[in-house]
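Here is what each chain is made of, one letter per residue.
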Amino acid sequence: MEILEQFGINPILLAAQVVNFFILLFILKKFLYKPILKVLEERKRKIDESLKNAESIEKRLLETEEEKEKILTKASLDAQKFMDETKKELEAFKEEMKQNAQKEAEQIIKKGQEIAKAETEKMEQQVMGRIAEVVAVAMEKVAGKVLDKKDQKEAIERSIRNIS
Amino acid sequence: MEHAIVLQPEILGYFKNLPITNTLLVSWITMVILIVLSFLATRKVQMIPSGLQNLFEVFVDFGYTTVEGLAGVKKAKVFFPIVFTFFLYILFSNWLGLLPGFATITFEKQPLLRSVNSDLNMTLGLALVSAFLTHAFAIRYLGVVDYLRKWFTLNPVFLFVGMMELVGEVTKIVSLSFRLFGNIFAGEVVLATVSGIFAFVAPLPFYFLEIIVGFVQAAVFMMLTLVFMVLLSEKHAEQH
Chain P
1 MEILEQFGIN PILLAAQVVN FFILLFILKK FLYKPILKVL EERKRKIDES
51 LKNAESIEKR LLETEEEKEK ILTKASLDAQ KFMDETKKEL EAFKEEMKQN
101 AQKEAEQIIK KGQEIAKAET EKMEQQVMGR IAEVVAVAME KVAGKVLDKK
151 DQKEAIERSI RNIS
Chain Z
165 MEHAIVLQPE ILGYFKNLPI TNTLLVSWIT MVILIVLSFL ATRKVQMIPS
215 GLQNLFEVFV DFGYTTVEGL AGVKKAKVFF PIVFTFFLYI LFSNWLGLLP
265 GFATITFEKQ PLLRSVNSDL NMTLGLALVS AFLTHAFAIR YLGVVDYLRK
315 WFTLNPVFLF VGMMELVGEV TKIVSLSFRL FGNIFAGEVV LATVSGIFAF
365 VAPLPFYFLE IIVGFVQAAV FMMLTLVFMV LLSEKHAEQH
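So the protein sequences, as listed, match chains P and Z. Following this note's numbering, the numbering of the first sequence begins with 1 at its first residue and continues without gaps. Following this note's numbering, the numbering of the second sequence begins with 165 at its first residue and continues without gaps.
Treat each hint with caution, since some may be false.
Restricting the straight-line Cα-Cα distance to at most 25 Å, the calculated cross-link-like pairs of lysine-lysine (DSS-like) are [what the hints assert, rightly or not]: (1) Z:Lys-336 <-> P:Lys-38; (2) Z:Lys-336 <-> Z:Lys-314; (3) Z:Lys-238 <-> P:Lys-30; (4) P:Lys-29 <-> Z:Lys-238; (5) Z:Lys-238 <-> P:Lys-46; (6) Z:Lys-241 <-> P:Lys-44; (7) P:Lys-70 <-> P:Lys-59; (8) P:Lys-34 <-> Z:Lys-239.
Computed beta-carbon distance windows for the label pairs [unchecked claim]: (9) P:Glu-69 <-> Z:Phe-223: 16 to 26 Å; (10) Z:Met-328 <-> P:Gln-6: 26 to 36 Å; (11) P:Ala-54 <-> Z:Leu-219: 22 to 32 Å; (12) Z:Leu-219 <-> P:Pro-11: 33 to 43 Å; (13) Z:Gly-332 <-> P:Ser-56: 51 to 61 Å; (14) P:Ala-54 <-> Z:Gly-332: 22 to 32 Å.
What the hints contain is simulated information worked out from the structure, not anything from laboratory work. Just so it is clear, CB atoms sit at the ideal spot from N, CA and C, and this is done for glycine as well.
Start from the sequences and build out the full structure, keeping to the hints where you can.
See the structure below:
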């Protein structure tokens, strides 16, 4: 055991080192390994969870996207249909309006013609009256006699018949 | 006068029967540093780590993964604190021993500080703890009967092999302690010698070397302890 002495081996120092180690082991175990391993484990679990969540969210997002696409397509189709219908209706309405207007115009023209005709007739009669008067006066001058009412009338009628 | 490097640690004083050597003093300093660091690192553990917590998380995670890979999930929980404490303790004391002031500051003509593992007492203490715990776990996991049957069988050939292996167990202690002691002590000697020749810049490469050696020795001690623990606590296949 001379060699041990040469190296300065001392049982008390050995024991001190052993005690040191166990104290260190105890404290590190309690204040370093345990909390850190715990938080590592916890984080691992959380990451796992988050990854799973992310996956499901992505799936849901994809589904939503698809649904959106579907709805959009449908809406655009509907809108197209609606537009077509409206166009058709408008066309029909336009046509109807046109016909109405034409009819009305025709009516107005007809009425105007009628009024014009009546006016003409009235004028004709007036003119005839004037002519008869003139003829009566002339005849009086020519015949030299005053025609009575009865004669006048006769004469007028005769002359009118002749004229017309 | 340059202090000659001796194998024995210098005794600074006595506390009752306990001789306070400079290595013991440094081992206490190392412990205090480690304990304070771990307190700081886990003072308020956060889900999103930062600073010291982050650093220690990296170390602990790496260590735990290594232990888990070798020992399996169940035993890793038991083995990890022990082997990782070996690692941290040896690593920090090795690196601490490289700081300026070691072997240069004197107290009553003795160097006040000396690298922990350049004292055989310290490394032998660690090796004894390692061996003791290894066998304790073997008994715990195998039971006393299975544990004894590792060494003693009725078959004379296997009995002889078992005896050899028992000697091997003693050799493990010697190799563990002397490997660590030898490496660190030699490093000290080299650094002192080179510094004696030319103290500026010249020792720098050796300091780098010693940083690597300090890490490697800590890792080797940890891995060997771990492997011994795993091997001994495994059920032996009876027929070889």
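Ascending list of hint numbers which this structure does not respect: Hints 1, 9 and 14 not satisfied by this model.
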